[in-house]
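Each chain is listed here by its residues.
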Amino acid sequence: MAAKASAVERQSGRIKDSNQKRILDEASRNRRARKALEALEQDNFHDDPHADLVMSKKIPKFQETIESRGSRKKKPKSAEYYKQRFRKSLAQMVEEDKNYMTGGTSYITAAVEASRYPDRHFCAVCGFPSNYTCVPCGARYCSVRCLGTHQDTRCLKWTA
Amino acid sequence: MIDNAYILDNGAYSAKVGLSCHEEPKIIPNCIMKAKSERQRPFIGNQIEDCRDASGLFYILPFTKGYLVNWDVQKTVWDYILSNDCCPSNFSESPVIITEPYFNFNPIKEAMSEIFFEEYECQSFLRVNAGDLSVYHYNHDNPGTLCVLLVETGYSFTHIVPYIQGKKIRNKIRRIDVGGKILTNHIKEIISYRQLHVMDETYVMNQVKEDCCFVSEDFSRDVEIARKKYPENTIVRDYALPDYTTIRRGYIRPLDSKEECNQQTIRLNIERFSVPEVLFHPSDLGINQMGIPEAIVRVIKSCPEETQPHLFNNILITGGCAAFPGFKTRVYNDVRSMAPYNCKVRVTVPDNPVTYAWHGGVLFSKDPKFYNYAVTKEEYEKEGHAVIFERFDEANLNFA
Ligand SMILES: [Zn+2]
Ligand SMILES: [Zn+2]
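Chains as they are written, first to last, in the working numbering: chain F, 1 to 160; chain C, 1 to 400.
Source of the hints: derived by calculation from the structure; they are not laboratory data.
Glycine included, every Cβ here is placed at the ideal spot set by N, Cα and C.
One or more of the hints may lead you astray.
Some chain C residues near chain F, calculated using beta-carbon distances under 10 Å [said to hold, decoys possible]:
id : residue
1  : F58
2  : D72
3  : D79
4  : E110
5  : E118
6  : L196
7  : E217
8  : A226
9  : I270
10 : E271
11 : H281
12 : M290
13 : N333
14 : R336
15 : A339
In silico lysine to aspartate or glutamate, DMTMM-like type, Cα no more than 20 Å apart, as pairs [as the list claims (entries may be wrong)]:
id : chain 1 : residue 1 : chain 2 : residue 2
16 : F       : K77       : C       : E121
17 : C       : K109      : F       : E80
18 : F       : K75       : C       : E119
19 : C       : K258      : C       : D238
20 : C       : K65       : C       : D238
21 : F       : K77       : C       : D177
22 : C       : K26       : C       : E110
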């Protein structure tokens, strides 16, 4: 009995130890936060179900409208042509804009500042206001129950 | 006076399009969608209405973070919009008004001009911010208005824009990086974690957001109500999801409904208002920016002192997110609490905050000023992009 108890003790001591070792550092926490924000910008979370579908086939063409009136002289350019013609990414344009917009507000500087008011905290599990912070990962929780769910589902199990 | 101007309010989520003689614009999803169930074809714009099963739709969007970058997608959607299947027009007769976001980038502006003049061969063309048309609409409805503080809260972001005597003060514009897209992705995320995997159901969850969410007029009070059990909890709702065999669109179902329900349901409680709350506290999601009311006050206080009472008195909110119930009251309450006590605060949310700019375009196309502002094909052919930049970007047009 006594031996068992001490084994449990030792074991829980080990768990404690390993938990203490496994505390996410600042960099991983920031990386997680950034990933979460990036996910909020995503258009899709699954793959294109018909990636092989040739899209141009059944698409009505502007030319049909014009031709039906019989006034069109020149051949319309394809969507693919414009993809090749205008291929600057947003990041590229933002970078060029920085050089072009000397003085005055630009896309970058128009972003509004941080709030003067303190952040509010909500439980990562149930969404209600929370008072506690998970030590290993920094997530917020509101109750022992939500902490349990958090540890079982996310916390250190997330590979971000 | 012309009554056949072609007005295209080209939003990142939906294009609002029609001739100025039309009563209402058509609202066309500005994207291409692919359905799991139909291998035959992609769905362009409102063709999605023909899709039998809208579960697991895959989206292809022309816009990234609010700016037009995928030109093959946009060209495909525009070709469809301009075709006989949607909203055709004869551009040799109809002048075109097209909208762009604030701080649009020069390569995008040039591409728009090139496509409309060279590809679609339009005869005259005006590119404006959708907000310019909203402010014109507001000034038209409220003659004598000196200043307008516009809040445009759309799919990609929210802009706070002061207009003084019809002209926007570019240097004072501020952007909050929260819009409808983030809210939909957020509700998908929390429902998927708490209840049912819906990460692939953007289309359906966007409808859930539209059908169920509201802006809380008193956040801590509503949190306390949401903690209670039904029926003391007057916020909690069940939502029956569409199965695309018996029902095509989900609906709210009372918790004590005796009616049999074979649909899968999800329960919405605090989510109903914590999701739109992100517009008021972006930091709830870890976005390090102030929310709408604080930004309104900040922007107004950065403007010349004599304009401030006028700006507080003419706060106009447009865009899809403005359609959440409770939006107007919440903005009023929060701004009121932060504004100087002797300043009158007035907030307007139009009956239809989505089409308000388009209707402004209709009104503006009938203003003689419109002729001076639009660039003709001849001018473009003679002077190229320079004349367009001069007219649309450097002149700071007046929308009083
Ligand atoms: Zn909790
Ligand atoms: Zn944790």
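Hints, verified against the model:
Among the interface hints, the one on C:F58 holds; its C-beta lies about 5 Å from the nearest C-beta in chain F, closer than the 10 Å criterion. Given the 10 Å rule on beta carbons, the hint for C:D72 holds: about 4 Å separates it from the nearest Cβ of chain F. With a least beta-carbon distance of about 4 Å to chain F, the hint placing C:D79 at the interface is held under the 10 Å criterion. For C:E110, the interface hint holds, the least distance from its beta-carbon to any beta-carbon of chain F being 8 Å, beneath 10 Å.
The closest approach between the C-beta of C:E118 and any C-beta of chain F is roughly 9 Å, which is under the 10 Å cut-off, so the hint is satisfied. With a cut of 10 Å, the hint placing C:L196 at the interface with chain F is violated, because the nearest CB-to-CB distance is about 14 Å. Proximity of C:E217 to chain F is violated relative to the hint, the smallest CB-CB distance being about 17 Å (cut-off 10 Å). At a threshold of 10 Å, the smallest CB-CB gap from C:A226 to chain F is about 8 Å, leaving the interface hint in force.
Of the supplied interface hints, the one on C:I270 holds, with its beta-carbon coming within about 5 Å of a beta-carbon of chain F, less than 10 Å. The interface hint given for C:E271 is met, as the beta carbon of that residue sits about 7 Å from the closest beta carbon of chain F, less than 10 Å. For the restraint placing C:H281 at the interface with chain F, the shortest Cβ-Cβ distance is roughly 6 Å, inside the 10 Å limit, so the hint holds. The beta carbon of C:M290 is positioned within 10 Å of a beta carbon in chain F (closest approach about 4 Å), and the interface hint is therefore held.
Hint on C:N333 is violated. Least Cβ distance to chain F is approximately 15 Å, over the 10 Å limit. About 16 Å separates the beta-carbon of C:R336 from the nearest beta-carbon of chain F, more than 10 Å, and the hint is not met. Residue-level restraint check for C:A339 is violated (minimum Cβ-Cβ distance to chain F is 15 Å; threshold 10 Å). For the proposed pair F:K77 and C:E121, the alpha carbon gap of about 12 Å is at most 20 Å, so the pair holds.
Proposed proximity of C:K109 and F:E80 is supported: the alpha carbons are some 19 Å apart, at most 20 Å. At most 20 Å may separate the alpha-carbon atoms for a hinted pair to count; F:K75 and C:E119 meet this at roughly 9 Å. Using a Cα cut-off of 20 Å, the hinted pair C:K258 and C:D238 holds, with the two alpha carbons roughly 13 Å apart. Of the pairs offered as hints, the one joining C:K65 and C:D238 is violated, with about 32 Å between alpha carbons and a cut-off of 20 Å exceeded.
Between the alpha carbons of F:K77 and C:D177 the distance comes to roughly 35 Å, so the proposed pair goes past 20 Å and is violated. Distance restraint check for C:K26 and C:E110: the Cα-Cα separation of roughly 26 Å exceeds the 20 Å cut-off, and the hinted pair is therefore not satisfied.
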